[in-house]
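Enquirer: Protein chains in written order, with full-length UniProt numbering: chain V, 1 to 485; chain S, 1 to 485; chain E, 1 to 485.
FYI, nobody ran anything at the bench for these hints, they're computed from the structure.
Computed from a predicted model, the values in this text were never measured in an experiment.
C-beta: ideal position from N, C-alpha, C; glycine also.
Pulled a few chain E residues facing chain S out of the computed Cβ check, cut under 7 Å:
#1 22
#2 452
#3 453
#4 454
#5 460
Computed far set for chain S versus chain V, every beta-carbon distance over 12 Å:
#6 99
#7 171
#8 184
#9 210
#10 220
#11 266
#12 297
#13 350
#14 381
#15 433
#16 436
#17 442
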Amino acid sequence: MATCSADLAPLLGPNATAAADYICNKFSDTSFAVDNTYLLFSAYLVFSMQLGFAMLCAGSVRAKNTMNIMLTNVLDAAIGGLFYYLFGFAFAFGSPSNGFIGRHHFALRSVPSSSFDYSNFLYQWAFAIAAAGITSGSIAERTQFVSYLIYSSFLTGFVYPVVSHWFWATDGWASASRADDFLFGSGVIDFAGSGVVHVVGGVAGLWGALIEGPRIGRFDHSGRSVALRGHSATLVVIGTFMLWFGWYGFNPGSFNKISSFYTSGNYYGQWSAVGRTAVTTTLAGCTAALTTLFGKRFLTGHWNVTDVCNGLLGGFAAITAGCSVVEPWAAIICGFVAAWVLISCNKLAEKVKFDDPLEAAQLHGGCGAWGIIFTALFASEKYVREVYPSRPVRYGLFMGGGGRLLAAHIIQILVIVGWVSVTMGTLFYFLHKFGLLRISADDEMAGMDLTRHGGLAYVYHDEDESQKQGTQMRKIESHPSPPSV
Amino acid sequence: MTTCSADLAPLLGVNGTGAADYICSKFSDASYAVDNTYLLFSAYLVFSMQLGFAMLCAGSVRAKNTMNIMLTNVLDAATGGLFYYLFGFAFAFGSPSNGFIGRHNFALESIPSSSFDYSNFLYQWAFAIAAAGITSGSIAERTQFVAYLIYSSFLTGFVYPVVSHWFWATDGWASAFRTDDFLFGSGVIDFAGSGVVHIVGGVAGLWGAFIEGPRIGRFDHSGRSVALRGHSATLVVLGTFMLWFGWYGFNPGSFNKISSFYTSGNYYGQWSAVGRTAVTTTLAGCTAALTTLFCKRILTGHWNVTDVCNGLLGGFAAITSGCSVVEPWAAIICGFVAALVLIGCNKLAEKVKYDDPLEAAQLHGGCGAWGVIFTGLFASEKLVKQVYPGRPAKYGLFMGGGGKLFAAQIIQILVIVGWVSATMGTLFYFLHKFGLLRISVEDEMAGMDLTRHGGLAYVYHDEDESQKNGIQMRKIESFPTPPSV
Amino acid sequence: MATCSADLAPLLGPNATAAADYICNKFSDTSFAVDNTYLLFSAYLVFSMQLGFAMLCAGSVRAKNTMNIMLTNVLDAAIGGLFYYLFGFAFAFGSPSNGFIGRHHFALRSVPSSSFDYSNFLYQWAFAIAAAGITSGSIAERTQFVSYLIYSSFLTGFVYPVVSHWFWATDGWASASRADDFLFGSGVIDFAGSGVVHVVGGVAGLWGALIEGPRIGRFDHSGRSVALRGHSATLVVIGTFMLWFGWYGFNPGSFNKISSFYTSGNYYGQWSAVGRTAVTTTLAGCTAALTTLFGKRFLTGHWNVTDVCNGLLGGFAAITAGCSVVEPWAAIICGFVAAWVLISCNKLAEKVKFDDPLEAAQLHGGCGAWGIIFTALFASEKYVREVYPSRPVRYGLFMGGGGRLLAAHIIQILVIVGWVSVTMGTLFYFLHKFGLLRISADDEMAGMDLTRHGGLAYVYHDEDESQKQGTQMRKIESHPSPPSV
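This is chain V alone, in the form it adopts within the complex:
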């Protein structure tokens, strides 16, 4: 608040510096309190998305693998907590550092500082585990549990933090908040992470699913696709609504501060930008849901709720990059296209016999990529100025901003895809080589809950069932499963 006192002192007249300082300090206290309150509760909302992912995944897999998928979601959060604390946050935001990777604040050393408080760490952690949550969907129902543990730690501890450093840390090589002109004199505008979070998670999942191949029975001998339906649409809907709820922390929360003003004393400030972000997010999702509803109705003949849910999430994944810099009407376009992107990605996936139980790669990868391009087309000059002040403004192509932003964004997509393929692709490849990736056919037929997780998730008919379970339990316990997990 140095500026504050500097401004106020002369106004208060001679030798009022002390008074000015005193008043300005109290103002800075207030805004710290407000901003931290805002950021912390946003972080809590983003965390609640983890429940959303867990339910979405659980509902989309078959009952016999429910325990397995839910366990991975719980562990994404738990492992993420430790690894992101130990070095993830340091790799991502430890400054001063080079453009590629951060190298301070390991285990939160010298945090809080003037630039980062604990709330920033918590918020970024919630983002990191979201990325891991995305991937776990793509490789569901056929992946060994140890490989989950391995990729999840690697993704949240290293791969994701590095990407977020590039685009979000002040000294990332492609960051929009970078001072010196770089990447076509325009940084990348990936406000809440269509690329940094969704494309990363999606591409990682893509490689995992591709390398281990489709689930048994997903494509019959004649090669026709057979729907292996999830066991509970209710859980899918719960998950979708929780994700929607959490997205209000994900997108508007990415401002980190709400108390900054544009013109002091004016009703239009950062708080309005935050509100606008929530509105664009809502509109994109709603449009995508409706588009999917009617699109699917014409393609398949029914009104399918799980497809609508996925369409909705596709719209969110797409708007995430540009949510803060586009007009509400543009968000509607974003959602409309996102729905079609998702539908065609799914068609394509079927053609190439790619099996992703949650459509995660298509949804987060495909729609995320569209979102990045969309931002480069529709970012409005006024909003870019406000949200990314003090740098040469590059805005949307269709808004008359020229192609530099678009170029930068295409670079972003390529770079992310490349980096994730190199790191995660290799990881999955070696896991596969060492027979750690895919479970045995018997396990897959029987379901992992029974063979690895100590029994089925549901026991609705007590008397008989619970007895049967009970014996199974004890049987399993008596011969502990082989060390090969």
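We have chain V already, so just place chains S and E on it with the hints.
Expert: Frame of chain V; chains S and E shown alone:
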């Protein structure tokens, strides 16, 4: 904050104007930030009620219609988002306008303004979809899907916004914020919408359910009522708790601002009123739940959790109108009566063979109406003065405030019932005439999930089931359903 | 804010007292607004834990008792609301009072005051019902419904408030905020209630479960333990995530205020302490979850999700006492030990044939006790100074703070265990004596839902089932169940 500078300048002495302005604008920044944070997070909470409605509905219908009802809840939010953005908000709050309907801010044009920010839109949208959510419950399990799409758009896009304009917009003909003496020199006090939201939703549902008649098997040939139980009490409880959680955004959030003071520097300000509102809400719901518990125990002989949940919600629906202007002890009376009202309405509904799978009409219509009356009886003078300043305070009849407020509240009920019957009643009537309202008998027996939504919601026994479903899926796909949805 | 004006007035120069007052009043308004916003939303989060408890309990019992357990969770909140309003809050925080029990503010008389606003009541209520929620788990599946009503009212209305008075009220005999030197010149540091909430709830459950004995079939004639598995792991995971979500209100929220500064104008203030608390909470839970995962893997041979969930919650219960005064690295130790504490408590429980369907006594009692000791070992001097200013600082033994705090904390555990045993133990004993505690063997075999709550919770196969249900319903209705509930 001009008043602020006006007050402060003289105090700061000669040529203190500049300083005063500077300080005051920083104060206004701070309160904008706080108020928007408060309003946005309240809006998120209200949105989370949509998950509550979805689960409450899903749990209260039979398994064979789960996909259908959940889809409608997702779409209430989605269609609501688009329609409320395009004209709903304009009809409701577009000012300056006449007393009947607003006519500015279509598609959020010239928002943010000094009177409305994006956060206000988001908050009002969450209210609008809540109303639609209520109605979807009454006509569950037997309504064609297109009918949902039509009524939902109409309700959130026109019917509800008009009502909210009347009672909440500054220039609504019956608004309590209206300055000129109207409606017995007292406006209507419907703080968070027992009338505007709950009666509207309830009456709309009443007409829908009434016109299409009860579900097959709900009343046997001898006319005795047969309970068609919902398929999962767990989902009902889940939904109820989410609604309770969201109601803390619904009622206290309706203040829109939290930083206003009553006496500057005093610990008692609007923030206390907000807290009190949360307390009255809690007490009303809790009392209603306990009353229902014991009454039902006496009437039916068991302790029924779903009834208790409905009683709880009835208490909330009732207190919503007066939550900010009644004392906590009055809230207990409110909840107690609300529970009895609900039980009475249900008995009545059975007598007249009216079938509402979620008791939505009885709950939101009946208890909502009681809530409006309750406010006319128990509104306290002191609190009315604080919450609705700058107008002749008309308060509760039993608190010695005379009958003017009470009369106004009665008018409100009549007007709302009339308007909704005229609009939604007619709509449902014509849908019925054109055979778009009710599904065919076969569909109803088989369940809509199988015939319209591409398969059942649950597949617990994979091997067989999922195969069977798989086949059904493909069968259905091969003969796309008739265009008549 | 008197101090504020006192400081500011001289700075503003002669006869500027009025100006100083004016400015300082507006500052106090702002911080009231911020703090109440913060506290209210924290209270809402804590309330959402009630949904967590409900789902956790529902998923951990057999399908035939789901309605019963969920009803108790709804009623914990409802009964708690009334009783805590009527006298719970008064017993806990009604001051001035003696060290044992409060005696003002019955039914919120003279609230808001300068020390308590409505938001404080709401927040404390959410804590009280959490304690009751814990106990309901221990005695699940075999307890008569009336005894639930009785113990729940007694616990939230009297037992818990008294304990919270001792340790949290300014004039509690062992409170850390107490001015005069007492209890080794160091009060007890139980920041968010490992002792006050978790040990209380756990010990109460311990006595209930101990007195009524294990469920039929839990230990077979040869005395071997037979796992009676819960009917839905999905619900357990939902519950766990909701509890995790709510814990961010429980621990960081216990600061009550976020706008207090340590050095005005500095980025490091109470908001940082709040953030740190959220971080320690997260790390403790994550570590405990991972420890349990691997520990259980070696002990039983599978990766068990429900165990991991319980481990996670154990970590949270443990860190609750010290969350605000320990370093993040210490939280990791806390979680690691907590996991082993829980595992061994469970082993012990099996040995002594103690049956607790939710491991609530082990989890909240055992880990809670460990958390209290942990705080006494690792509380850091710096943080204790900041969080508990203006009193002789006693901090952790291992941090070089000497043994006084440890001694005080051991006293705390003993006192709480003693008090709860005397009150709740006696209550359960007499309920048992009068045959009000345990249900009949037939009820237990058939399941309480059918015999007491009007039918099963789930009806997945409509046609047949719902008919059967229907008839059962009507049968039950025709012969109302015996008055002995």
